[in-house]
Every structure is written in C-alpha cells, then in structure tokens.
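Chains as they are written, first to last, in the working numbering: chain B, 1 to 529; chain V, 1001 to 1341; chain C, 2001 to 2302; chain P, 3001 to 3341; chain R, 4001 to 4338.
Any given hint might turn out to be false.
Claimed, not checked - Capping the alpha-carbon separation at 30 Å, the derived lysine-lysine pairs in DSBU-like fashion look like this:
#	chain 1	residue 1	chain 2	residue 2
1	R	K4099	P	K3019
2	R	K4099	R	K4035
3	P	K3132	V	K1233
To be verified - Over the 10 Å line for every Cβ pair with chain V, so calculated as not near, a few chain C residues:
#	residue
4	V2038
5	I2048
6	Q2055
7	N2069
8	R2139
9	F2144
10	S2205
11	F2211
12	N2217
13	K2251
14	W2269
15	T2272
16	L2297
Since the hints were made in silico from the structure, they are not lab data. We put the CB at the ideal spot given by N, CA and C, even for glycine.
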Amino acid sequence: GKSEETEKEPVTDTTVDADATPETSKEKWLYLNASLPLNYDPAVGASSVDSSIMINVYDNLVFTEIDGTVIPHVATEWTESEDGLSYTFKIRDDIKFHNGDPLDAYDVAFSMNRALEIGQGFSYLWVNYVDRAEATDPTTVVFYLNKTYGVFVSTLTRLSILNEELVMANKVDGPYGEFGDYGMNWLSTNDAGSGPYKTESINIAENVTCSKFDDYWMEWDENAPDGFTFQAVNETATVRTMLGNKELSITDEWQTQDSLNAMAEIDGVEVTNIYSGAVATFEMNTKKAPTDCIHFRKCLAYLFDYDTAINYVYPGTKRTGPISASYEGSDPDVFLYPFDKAKAKEELEQSKYADNPGEHTVEIHYSADVPDEEKLALLLQEAAAELGINVTITATPWSTMIANAATIESTPSISVMYPSDSYSEAGSVLNLRYHSATTGSALQFEWLQDEAIDTEIEAALGEQDKDKRLSMYKDIQSNLVEACPSIWVLEWPEQRAYRADLFTWPEAEAEKNAPIMGRCLYFRTIKFK
Amino acid sequence: MAGFKYILKRMAWSIFVLFGLSILIFCIARVIPGDTATMALGSTASEHAKELYREQNHLNEPLPVQYFYWIGDAVRGNFGNSTQTKRPVATDIKEFLPATLELIAFAAILEIIGGIGLGVLTARKPGGLLDNSVRVTSYLGIATPSFVWGILFMLIFCHWTHLLPTIGRLSSNIVPPKNITGLYVIDGILTGNTAAAWDAFKHIIMPGTALALTGIAQSARMTRASMLDNMDKDYVSAEIAAGIPMRRVMWVYVLRPSAIPAVSMIALDIAAMLGNAFMVEQVFSYPGVSKYCLNAILNKDLNAVVGVVLVIGVSFLLVNIMVDIISAFLDPRIRLQGGTI
Amino acid sequence: MSKKNEKTANTSVASRSAVRWDNIKRNWYMFSRNKISVVGFVAVILIILVAIFQQYIAPYPEHSSAYTNFSAAKLSPNSQYWLGTDASGRDVLSRIIFSFRGALIMGVGVIMVAAPVGVIMGLLAGYYKGRIVSTIIMRVVDIFLSLPSLVLALAISAIFTPTLFHSMMAITVSWWAWYARLVYGAASSIRNEYYIQSAELIGASRKHIIFREILPNCWFTILTKMTLDMGIVILMGASLSFVGLGAQPPKPDLGTMISDGYKLLPDAWWLTIFPAAAIMLIVLSFNLLGDGIADMLNAKEV
Amino acid sequence: MVEQKQPILRIEDLYINYKVYGGYSYVIDGLNLNVFPGEKIALVGESGCGKTTTVKSILRVLPKQAKIAGGSIVFDGHDVLNIKPNELNEVRRRKMSMIFQDPTASLNPVFTIGKQISDSIKYSGLADRKDKKAIKERAIQALNDCSMPDPERIMGNYPFQLSGGMRQRVCIAMALATASKFMIADEPTTNLDVTIQDQVLKLIRNLTDEKDMSLILITHSMGVARMMADRICVMYAGNIVENAKTEELLEKPQHPYTVGLMNSIPKLTGDSILSGIPGRLPSYLTPPPGCRFSTRCPHAFDSCFVKKPPFYDIGNGHQVACYLHDKSVPQSIKEEAVSNE
Amino acid sequence: MNEMANSVTSINSQATGDNVLVVNNMKKYFSTKDKDCFVKAIDDISFTVRRNEVVGLVGESGSGKSTTAYSIMGMHSITSGEVIFKGQDISMLAIKRPKSLKREIQIVFQDPGTSLNPQRKIGEIISMPLRVHNIVPRSQTEKRARELLDLVGLPQDCYYKSPRSLGGGEKQLVAIARALTTNPSLMILDEPTSALDVSIQAKIITTLMELREQFDMSYLFITHDMSLMRNIADRIAIMYLGRIMEMAPTADFFEKPQHPYTKMLVSSIPVVLQEEEDLKPVQVESQGEIPSPVNVPPGCRFNTRCPEKFESCLVDEPQMVKVFPDHYVSCHMHDPRT
Ligand SMILES: Nc1ncnc2c1ncn2[C@@H]1O[C@H](COP(=O)(O)OP(=O)(O)OP(=O)(O)O)[C@@H](O)[C@H]1O
Ligand SMILES: Nc1ncnc2c1ncn2[C@@H]1O[C@H](COP(=O)(O)OP(=O)(O)OP(=O)(O)O)[C@@H](O)[C@H]1O
Ligand SMILES: [Mg+2]
Ligand SMILES: [Mg+2]
C-alpha cells in the first residue's frame, strides 16, 4: 500500500511470538534440512535455500511452471514497448500481504528499486539493464530499461514483491539516505510477503518455520502442507537417521551418493533426480599455467573418465555440454569430449608443456561441503598421473573458493563447481558463466575474458526474438566447446531423498524440471496422502 | 586482604592481555585473503553495493585506523555485523552463547563430580581392580577425540536404540521456554515448562558427555596423582596416627590440598570447551557459539570471528581469575599471603 | 681397616661409560615399574617403524595416492581388504598405515618448533624474573594462552589453504606459549637455587648459566611434556582435519578419514571405527610413554 | 632391669624392608626394644638408620612401599601387627600418640589449627562428638597446656602463619590432648633453635611426667637424649647396638659406634679433636651379612663379617651388640682393638 | 646514630692491618608488599675478619646470618654501609664485581643438596670455575679437578657421578672442593654442617681446618651450634634480629659471656658430659621467640625475652661497647650511659 495514507496503522509483525504458538498438530508438516543461516531478505539472498524460501513466502510478477514455462502470476498481462526499453505490467488487485495489507503496483516498483539500490542477491539480473520501476496507478507498473533485454520477463520470476509500508515502517538508520537501511535488518528475521506461506519463527542458525497463509489469493488443496521447517542439520549420518525416523521429510541436495543409496533403502523413502540445470564443471583457469594452454586444457578434457563418473560417482546421470538440456536453447548436438587417452596424449604433445608436463602442478580445488566432488577430482588425478601430469586436490571451504576467485594468481588451475542459474534460458548461464563481467567472482573461475564471446552473449540477451535468441545461444555453445575453458562432466541432478510414503511431490515426479534454483521446493502443490 | 589485592592486580593485567589479544585477533582476521566485501555480499553483488559496504566498515582505511574504529566499537559491545547472519555479531553471540554455556555447564558438572570422585576412589587403593580399570578407561578417554565419542554415542543412542534425540537443543514439537537465562533447562524449570526442560536436558546428555569425557579422564588422573602425592606426606600419617577414620582422611584432609591442582586444571579445561565444543556441536548440530565460531572462521566472517574469539578470550581470563579465587578458597596460603602462583 | 673393606671400595670405581650405563639402567627401572608404560613405549616404537616402512607394510601402497576403484567401493572387511575399502574403493588398512607418517610428522614438526622457541623464551623469562624482559615475554605468553589453542589454530589455518604444513604451523603458533609457561615456572624457581647462585658468584657467563645450569634441570619436564604433547597435537591435528582443515586428498589422514567415513555411518562403520581406533592407538601410546617418563622423573627414591 | 613390671611396648625381632630400585632395601634388621610404663627412652642414631621407620611401624603408618617382613610388636596387650582396623584405630586414638619429625610437614597446610586439634579430640572419644563447645574447650586446654600464648587466636590460624616453635607446640598439644599412656616424639626439635628446643623439650618432659606416660624420643643429639631420657638406645643401620641407662652410656660407651659418635660431638669444653666415624651407612640393598657396623668399625675382626652379633648384657642393664664383649673372643683381638683407639 | 658510628669505627680501627674483610655499618632491608614496612634483616652491623682467622657468626634462625653472608658475597645489594675486602670497596652486587674479585671470596651453602646442580657431574661442577677463570690450561682441568677431589678426601670415582648418588657429607665436600678451585682468601661457610650428622660433621670440620692451614684462608663461619664454634673459631660474634649483640675471642666468649642473650643461648645447649654442664653459665631460663624483623621492638631488640631487662631497655637502643680487649657487647648493663 501507499505509505502516506495508512501511516497510522500499527505495524504487525508477521512472526508470531513463540510462546503464544498453539501446539498445532503437525501432521501435514514438511521438515527439511539445510545449511543455515540463510539470507531471509529477498534482496540479499541468492542461495538455493534462500530461493526456495522466497518462492514460498513471496509472490512474483510471473511464475515459472515445473516445465519452465513462464506464466502470469501477480501480473495479469504485460506489454513491451517497441524499442524494447520499457515494460508495462498490469497486476491483480485481490492479493493480500500476510499482515492483511493489499498488494499494489507501488509495492512492485518499490521492490524492484530496492533490489537495484541494495545491489545484492538476484539484483545482478537487472542492475545492468533496468533503470528504474514506476507505478503509474495501483495496478500498473512500468519498468524502464537501459538497453534491450530479451529475457527480462523471465527474470522477473526472481523479483519478490515486498510490502513497502511494512518494510519502511521497520527501517532503521542505514546507508540508503531517506530509506535508512531499507528495512534490511528487520527483513533478515521477518517477512513482508504475500506468498502461500508466512513466517512463524526464525532462529537464524537453527531453524526457520513457516505456516500456511490461509488468506492466500490462490486456492489451497486440502492436503497441502500446513507448513514447513528448515533445520540446520548437515551431518549426513544425522540426516539419514532423521529421515528414517520421519523427523525429516525432504533432504537437501548435498547428500553424498553413498548416503543417498543408504537412504533409498529406507521404506517409503525415494530419491529425486531433479535436473535443475546444474552441470558438474571443472572450471579451468585459462590465464594461468598450465591450463592457459588450450591444448593442455583439451588434453585434460580427454583425460576425464566420464563413464566412470556417470556409472559410479553419479549413477544414472547423463553427459552434457556447456549448457544443461534443461535450459531452452541448449544444443543437444554439441561436441562432447570423450575419454580418450590417445587423443589426450596428442593434445599434450601439441601444448606448451609437452616437454615437461609435470613442471606445473594442476591444483584442483573442490568445495569441502560436497565430498562427491573429490571422487571426480580423483578420477582426473589418476588418469593425469599416467601422462606425467602432476595433480593435487584440495578440499576448500566455500569462502576460500570465493576468495580464490578474486585474482588470476589465486585462482587454482581447476575449481570444481556445479553452477546453475535463475531463469530457464541458456543465456542465463552463458552470461553468468562466461561473460567477462563475472570474472573475479566465484561465478567464473575460467577468466575466459574472450571479447568475441562477450559480444555474442550480449547480442543474444538483447535479442528480443526468442527463436533468434535460442539459435544464437547454440553458436556460443560450440564456440565455447572449441575454447574448452571447462570440462563439462555431467548433468548434475538435485538428488534429494524424501518420504514418498507421506506425500506426493509433483516436482519430484515431473519428467523435466525448470532449471531454476530452488524452484523444486514449491510446497503449495505438494499433497499429503 | 592480600589476596584481594592480588586479584585486583590480576584483573588489571587481564585488561592488558585482552588488549594484546584484540590486536592479535584483529591481525589474524585482517590478513585473511580475499575481498571482504565480496565475501560478505556474495559474488553477485554489484560494485556499488560493495563500495558502500567497504565505506561502512572502514575497509578503505589503513589498518591501524581500522583497528581504532573497531576497538572503539568493540568496547561498546558492537562487533559489527556478521556476514553470515546479517545481524550484529553481539546479537548472534547473545543467542548462541547460552546454548554452549548450557552444554558446558552439564559437561562441567560431569567433569567435576566424575573426575574428582573417580580420582579419590582410585587413589584409595592404588593398583587395585577399580584403580586399574578406571585408569585404563581414562587413558581411552584421553586418547579419544570428543568428536569420536560424539559419533559413537550417536551410533548407539540414536541409530541403534533411539533412546535420545539426535540433534539440536529442543525437539521441534516442543515450545521453547520463555527466555530468562537463555539456558533452556533452567528457564524451563523456572517457568514451569518442565516438558521443555526435560527435552532440552535430553538433548544435552550426549554432546555434554562427549565433551566432558576427555576432561573427566584427565581430572581423575590428576586428582589421583596429587592424592597419592599428598598421601605420602607426614600430615596424613599424623592424621591416621591420631585415629581419624580413613574415609574422612581421604575425602576431607587429603582431598582439599589435592583438589587445588585438579580444580585449576578442570576450570581451564572448562574454559577451553567454549572454543573446543565445536566438534561435538557440529556432530549434534547443536546451535552453540562454538559452532558459530567455526562457521565464521570457515566462511571468513571477520566480525563474527573477532567477536567470538574475543568473548572466548574474555571467558578464559575470567575463568583464570576464578581459578585464583577458588584456589585461594581451598588454599589459605594463597588467600592470606597473596598468591604465589 | 680390614681387607674386605678395601675390596668393596675397589669394586665401585666407575668409569664414565659405566656410570652412564648405570643411569640408563636406573631410569629404565623407574620407567618400567609401570608395565603399562612399557606397553606404551613398545607401541610408540612400533608406530614409528610402521611409519618408516609404510611402503613395505601396507598391503596396497598404491591406494595411498592417486587411485580409484569405484567397483570395489565400500567393501566391508574381508580377506582381501582386512579393514574394508572406502567410498573410492581404496584399502582402509593401507590408508591407515600411510596416515601414521603424517600424524607423526605433525606431532614432531609442531613440537620441534614450538618446544625450542617456548623453552628459550621461558628460560629467558625465568632467568630475568622480575625484570622487564621477563614481564614482556610472559605477557605475550599470556595473550597466546588466553585462547584455547584449537581456536587459535583454527583461525590461523583457515587463513591459508588447508594443508598438513599449514595446520602444523597453526598449532605451533599457539603451542610455544605452553612451553614458555612451563619452562618459566621451572626456570624461575631453579634460578633461586643455590647452585645457580654459586655459578653466578663464580662468574660463569649468562649463557652458561641459562643453557648449562638451568636448562638441564628443566630437560626432563620438557621431555615429559613433549611426549604427552605428541598425543595432544596429533589429536588437534585430527580435529582440524575433521572440520576440513587438514591434509588433502588423496593423502591419507586419520581425521579426514573419520570425517568422511562418519557420513556413511552406520552402514560403512569400518570407515569410522578403524581410523578412530588408530588415532586412539597413537595418542594412547604417546600418553603411556609420557606417563612412564613422568614416573621416571618423579621417582623419589634414589 | 625391672623384672616384675611388664613392658608396655615390646618389639621383638622386627624386620622391615622397602621396595626400591634394584630390589628391597632391608632397613630394620631384627630389632628388639622394650619400653616400660612411665619410662622415657631416647632412640639415638645417624640420619637414615631407621629410627622413624621403627616408630612408624608401631603406629602402623608406614608408607606403602614398606613391608613388615617379620617380628612382633605388642603394645599394651595389643598385637599391633595383627590387629583389626577398628581396634588399631582405638589404640591410635586413646593410648598412643606421635609427634612427627617435621612440624611443618605434619600439619595439614590447608586446615586451621583448631580444626585439626578438634578432629583428633573428636575421634578420641574424650568429648561428645556432637558437643562442639566441649571439643573446643578441650582443644584450647591442650594448647594452654603447651604454654601457647593466645590459644583462641591460634585455633583460627593456619600452620604457615605460625613459627616453627609454635608449630611444634601445636603438634605436641595434639599428641598430648588425646594420649594417655604412650608417646612417640620423632626428633621434635631438630629444626628448632637451641633456645626453643630447650623450651619444647622441657615441655614434653613435664607433660609426660605429669601423666606418667612412656616416651620414645628420637633424636640425633646425645645432648638432647641426656636431657630427656632415662635410657638411651643407640641405633645403627636398622638395629639397636647399645642400650643403657643414660649416665652409664654417656660415661662408659661400649659399642665402637657409640664411642665414635661420642668422639664426634663437639664439646663445650673446647679444643677436643673431632674424629668422626669414617665411611657412611652401608647400602640397605646389600647390607653386610654380619655386624652392619663392621664396614666402618676400626675393631672389626673375622666374626664381625659373618654373623650378626647378639646382645651382650654387661650388667647394670647395659646391653651391647658387639663381639668385643663376647667372652669367647680371644683377648688378643680385644687388646688390639683397644690399642688402636 | 653518630655515637654509634664512632664506637663502631673504633672496633674496626682497632684491628690490625691484616684485615681481610671489613664490614662497616652494613644494613640490609628487604622491602615488603606493604610499602612502609621493611624486613630489617640486617640492621647496622660492623665486624672484621682477619687473615687466617675463623670468625664464628652465631645466632638463632632468622637473626640475619645468611643475609650477612649473602650481602658480603654481593648476592643482595646492601641498603647502606660498606664492605671492604683487602682494602677494596666491594659494596656492589656480585655481577658488577671484577672477575678477579670473584675468585677471592667463595661461599659454601648450608644445604649440600641444593648447592650442587643435580644435572651435572661432579667433575663438571668442579671444572667449571677452573674454566671460567682460566686457572689451569684447558687440557689440565680434569687433572686439577681430580687433585681437588683428593684434597678434600673424596674418592676419584666421584668424578663421573652425579650429586644425586652422593651422601650429604660427600656433597658438602664437593661444594668445598668447588670453593677451593679458585684459591680464595676468604671463605664464607653458611652452616656447612648443620644438615649433616655429627659423625660426618666431624670429618668436614677437620678437612676445613686442614685446608685453612694449607691455603692460608680466612673463614667466616656461620652456624647456630655454639659447641662447634667453641672448638674451631678464633672469634665469635652473636647476632640477634639483625644486630651483633656480643663479639669476643672464643675463650672469652664462653668464659665471660656478658650479654643476657649469650647466656641464654649457652645455657640452652644440650651437652653430653657433666664437665660441659659445669661450664655453662648459671641456668638462664630460655623464653619467648625471636620477633619478626618487620616489627623490631623499640629499645633493645632483645627486651622481649630478656630476663634482666629494665626501663631503659624498652626505650633506647644500646651501643656497642668494649668491655674487655677485643670483647664488645651491646647491652644497657654495660652501656656507660646507663
Ligand atoms: N618410603 C621409603 N621408601 C624407600 N626407602 C625409604 C623410605 N622411607 C625411608 N626409607 C629408607 O629407610 C632408611 C631409614 O629411614 P628412616 O626415615 O627410618 O631413618 P631415620 O633414622 O628416621 O633418619 P632421619 O634421622 O634422617 O630421620 C633410609 O635409608 C631411607 O632411605
Ligand atoms: N629475600 C628476602 N626477602 C625478604 N625477607 C628476607 C629475605 N631473605 C631473608 N629475609 C628475612 O630476613 C631475616 C633474616 O634471614 P636470614 O636468612 O639471614 O636468617 P638466618 O640467621 O640465616 O637464619 P637461619 O638460621 O634460619 O638460616 C629473616 O626474617 C628472613 O625472613
Ligand atoms: Mg627420621
Ligand atoms: Mg641461614
């Protein structure tokens, strides 16, 4: 709502005092584990847990269906200007925030402007394109762009709509001038959303509990979950025990294969294979010896034993090129490097380092949180040893990996990552992973800095015609394969064990899932048995 | 009197030590490689946002200036915001510290009773069956890392027998008690929420015991050694020769002087738990300050690291002073002559 | 005097080596009074031998380096792999055997740096007790001691990339202070002994007094602490690797093995239990040895 | 010797050894000693000759390395070596007391004097256990008896707050407060100044005389023995070598060891040549098979090295364990010995 | 104070030119935690030690004997007064003294157990001073050390032994041998035999007396055993609470004790023979204990225990006066002023 008019209204805190919580019968309740703390403010969070909270607690202008189709949601319709530099959205007027305030276009504009100003989380999707948002009337909001952005509408699936009045009522002093801290402090433990679930309690590092929002504008199935709790449990053994004891309904996606196998044995438990766009990738530093030599990189790509990875490390997965098949615009016919030691040897002989391949050590860093990555690294290490290439493996805390990405020198030869992205077109990944703008961050360890590719990516994203866009994506993919900045190992599925005996979970059963981070944990459509 | 002065002097020194400690910690925190702003705001943050962050946290200033900004805030209890939780570190500590304290309190009670009790029992008949079995067990206690105990307990009591709850401080179906002390068990009892108290207590048993075991073993050994040492003294012969019953001689006359080294060891051990508890907190996903500290360190959450480590340092110093007071209570020589330690 | 008296006097004429030998025998007696210490001593020797000859003892030495065999992953203990295999199909027994060297290097490395530094600091502070040098040294020591060593080590090892060397360095930074404190206590009391006073009055140099007169008297205390510390440092190393700040794969490391294996509990229990038992074995052995040395040192009767 | 009276303490053929490095150290070697009611005996001997060991065995407070290998100790009808613990405690509480060698070591450093005295009174049954007032009164009485200035204040003090002389007085007070028949004083004055020694000795003498108690006084000093004792037993290497009335012994020492000892004492008359005794105590690990003094004895001859000499009674209650007094030893040897002197 | 000083100068000026050691008005106060209180361990003492003389310093425990010795050695910095050794002022701390001076004065401590480093072999202990002062060429240190062992009557096999395996008397002999290494002309013996048995004491005293002849040394012999002093000292000074109470040649001291404290001490000595008993002065009942040196009683410091005290004893500090040749006493009964 507009703040001037309803200023006097008391600020209602959507978190209910823990003491007053009635002892609900938590029959239809979902328990999940996650590595907390998370970022509860939708303008800050960008992790997969953050995203899955956002999708359940906040509403967006558009909604991505399970199969990746973008459909109207809060917005009923939208138009794009001729030049592609402004978008006008009409929005519903029957939506209420969790505190009862109506949702209007001012809230939408506020949310976009807030995200741009704060500049964290998913705002990277817009900062370079969107100039500002303006509500012209309570049901109309206009976004003004700096340059054409063909995928703009798809990205709005990531714009969580906040209750402006509530947020501003809870602002404290901060760096954003008249907006104070933009309510960031308050939003880190409260919600200001209108989504299907509202926040019950947040213990930052322990658990987050949300319950069903009865006044939600969409219909509720009677068997939909009454609420959900994320708990900070990351010890695999504990997770397994809890799942067995029905203390856990759905696990996180970082369980090891061994653990998943064990959990699959439990009665009533099933393991998902949700391909949400992630590709297990060995990101090679193209600016540092020895991976600065394209032949050396190709050699490594030929050295990787893809079949063992697919059969033993991640059984039942499939190979992929730079872009997961889940994305629109991914090229199914792109060249895949085979495991071929002879070819590898050939490439090595052509490389700068042919004379003394052991001279430079190939350091592989993988995230200590994902132990299965070690096995992939071991595979490469073993094969490389045969050619006299010296490979070391380091389990690295995530923060150190981020720190490593900062400069070319500190970036290791290979960093093992499972990147995925925010909207369901290949451009999303291409832009994030291979555009020069993302070098120096953990989004890109390759330091590709290839001007030709940069231009191609920019052109594709600016292209308003979808078909054209998609074909442009394919060209980029084959160029990338030729440059071989990364070893694309396999398409990495989100494997979560869940209690299939208790509820049906559409995302888990779907053939194809939208390649959007956190999307598969949309609880409203789950049905308890 | 002399003792009191001595303690005052200790406190004065402690402030000095604290100051040195803060510099040490600050330096450690600042040499962490990588762009602090990026680590705090994430890879996707805009340049504008990062610059804002740097300015707010004085990261563009030279190190000594940064230190003065920081120490100025720190004495006012403001350690800045955590990059993990996006909250003030002080708030985080306030939230997580009681959990660890509760855990440590349990471990401490176990350690004191278990350690000293076993020490006395074994010292009664050195070489006897009880003595030897306790000694062998205590060797195992010392040689086994607490996380291994944690894992074993979890195997036995959760995986196999389902006797005790697995993780956290409280089962999810239990309403936490009103916050008075922050210790759930005590708050539960105070507010009459006995279900919560009992549940919280059950959650502490395993991590608390795992945490205490090494200490129990060590303090039992220490008590035993100093008991045996003191039992060779003439005054013990004198007491026995005066016909005072053996039990009283052991539990009163020998225990008190022997307890002095054991008590200071136990106290320092307990203080160290504040920092070392992370292994069991990790295993049992127990939301304590030690685990918070570990995560802060692993995630290069500067402000949190500095804050927590400083809190641990302060507790350590406080415990040291407390050890002095306790020793003074147990040993009149220190109390009345003003400390030779 | 009678003839017999002279004879008894003659037999006690001692040469340098005989006296030395006698000392060794006496110390061994004091040490071996407690049979458990002897067990510890033997175990330590065995562990060192295993660490030295790991290549020849381990059934599958190649499993300690770049090697995977996913088809033989997670086999429970059997006649081929006595202690089973891990998630990458490597022999657990071989990896445990290969981890001993790292554990020992960790312990020895830390102690070999921490002890000399701490001892010298402690000696200086003890010798100059009451002077400003001493105060400064001991306050710095206090600063290092006011943090649990594990926390300090954690903080330091998180700064660098996790490797065995870095964790060693991290532990060392916090460890020397304990030696300084220990030696300070001993040295400052020895400093007032009359034999030190005599040496000073005779005009012996400071260097002589500190290193020849005071140090030998602290030596046994230091040695005891060093052996006991071996166990503790190895434990700390294991704790650091348990949280992922230790040796890196594929290098076998007990703490890492436990933290990896523990994720597979309760099914693949051998991945946790055996490495844990190995840590216990090492730490226990050094503790027993240390106790024996302490007994030897504290022996009151002559 | 007074034949009619029964000795209150009779030690017969006592053997005690300690387990030490290299085997056993055979310290007490067939010791015999009788003490009659009311009699005051001085046990004199070099340091390490086993005086303390002997008296500790009477009260059964030997350290755990010690083993009584043979002999019997009968005290007032109780067979001390085979007595039930309860009975032993009764004996310790009421009938017999001991003042230990070092007053500093024999008072518990961490309890007040008052508590220590009260406790031994409490268990002696001299006052009702519950009656705190009566116990306190008795304790104060005991301190008063030892001419302790300001006993009320002393009761609240700790041992380290008293001077050596005062501490020894406290020990004496404790011993005398409960003992009725028998008292053992182990070098009660060795660490004290002559003036204080004088006071303390007189105190012991007077108080034991008053109660007509028997006394075994251990001392290094012949002078002290002369002051205090009716009879002196000279001890050497675990055995009594000479035993006689005080005057008799001092004037006519018979055993070569006693003679040597007497010659070593610096005399107030001055200008005496201090001769000393060459050599030192034999090793108890491999003691000489015959007379233990034979290794240092200027008169030793063949039989001395073979068999332990028995006591030879030379009249007037004077006993000497030396072959020189064996009638069967040829005169020539004795003469040689005398001329050597 | 002035008068005191005068009388003291007279004591020392009396002495002939062959004074080895002259101590003038030496004071040593230790500070305590409480700033206004001092431990007055030595409170103005003066005495001399002449060449080849044994001066006995006796007194009860805590009277300041050791402190005197340590102050002379330079182990404490003295509060005031001066110490003159062979005409040279040595009132400074030992570390500041020239090396040659360190050779000249040696000390043997009371407890033979603590004065030898348990971790060094006897040989090393004795050779150390030889090396430090380059007394003999390096190659000959062992030979010389062995000679010294011989000299004090220790068997050669001690050379490789550690002090631990020696008896108390033997340890003390090693300490004496070490003191002898540098050919000192003054040896301070701080109760060298009080921890030992009489039979062993005899041997050590005999050795010491022989060595004195041989090396032409003076001894400042500290002890609380008066009978021993009777046998070996040339002159005796008796100390009480940091003060010298009486100082006299030995025979005089025992035959004509002037100070009540001396009488009390002598009469308290337990003796073994009747002849000795007869030598003691009329029995003076010993009473009281030595007060704390922090609160020295006003007036004569002995007044708390003196059986003969009168009013002025409680008020004035008595002066040292000469009663017989070379015989000084500090007591109001002899003070001409009273
Ligand atoms: N606990 C013990 N263990 C081994 N040997 C011991 C022990 N106590 C005493 N001894 C030995 O027994 C011998 C006699 O000791 P004891 O204390 O009885 O002598 P003492 O005559 O009382 O000597 P002192 O006059 O020094 O008190 C000594 O050689 C001593 O070394
Ligand atoms: N370093 C010191 N600091 C404070 N007080 C001291 C110190 N050394 C000695 N004193 C005090 O000075 C007084 C004299 O001590 P000193 O050791 O000289 O006596 P002593 O005559 O040698 O006694 P003893 O016969 O016991 O050896 C004592 O009261 C003692 O407590
Ligand atoms: Mg004794
Ligand atoms: Mg002294």
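Do the hints match the structure? See the list:
Taken as a hint, the K4099/R and K3019/P pair is broken in the structure, with Cα atoms around 49 Å apart against an allowance of 30 Å. For the hint linking K4099/R to K4035/R, the alpha-carbon distance of about 35 Å lies beyond 30 Å, and the restraint is violated. Pair hint K3132/P plus K1233/V holds up; C-alpha atoms about 28 Å apart against a cutoff of 30 Å. No beta-carbon of chain V comes within 10 Å of the beta-carbon of V2038/C; the shortest separation is about 14 Å.
Look at I2048/C: its CB is around 17 Å from the nearest CB on chain V, clear of 10 Å, so calling it non-interface holds up. With a least CB separation of 27 Å from chain V, Q2055/C remains clear of the 10 Å interface cut-off, as annotated. Listed as a non-interface residue, N2069/C keeps its Cβ farther than 10 Å from every Cβ of chain V; the least gap is roughly 26 Å. The claim that R2139/C is not at the interface with chain V is violated, since a C-beta of that chain comes within 10 Å of its own (minimum 6 Å).
Its beta-carbon lying about 8 Å from the closest one in chain V, F2144/C breaks the requirement of being farther than 10 Å from that chain. Even its closest Cβ contact with chain V, about 30 Å, leaves S2205/C beyond 10 Å, as expected for a residue assigned away from the interface. No Cβ of chain V comes within 10 Å of the Cβ of F2211/C; the nearest lies about 27 Å off, and the non-interface call holds. The Cβ of N2217/C lies farther than 10 Å from every Cβ of chain V, with a closest approach of about 20 Å, so its non-interface assignment holds.
No Cβ of chain V comes within 10 Å of the Cβ of K2251/C; the nearest lies about 19 Å off, and the non-interface call holds. At roughly 8 Å from the closest C-beta of chain V, the C-beta of W2269/C falls inside 10 Å, breaking its exclusion from the interface. Not every CB of chain V lies more than 10 Å from the CB of T2272/C, the least distance being 6 Å, so the non-interface label is violated. For L2297/C, the shortest C-beta to C-beta distance to chain V comes to about 13 Å, beyond the 10 Å cut-off, and the non-interface label holds.
When the structure is compared with the earlier hints, violations turn up for hints 1, 2, 8, 9, 14 and 15 and for no others.
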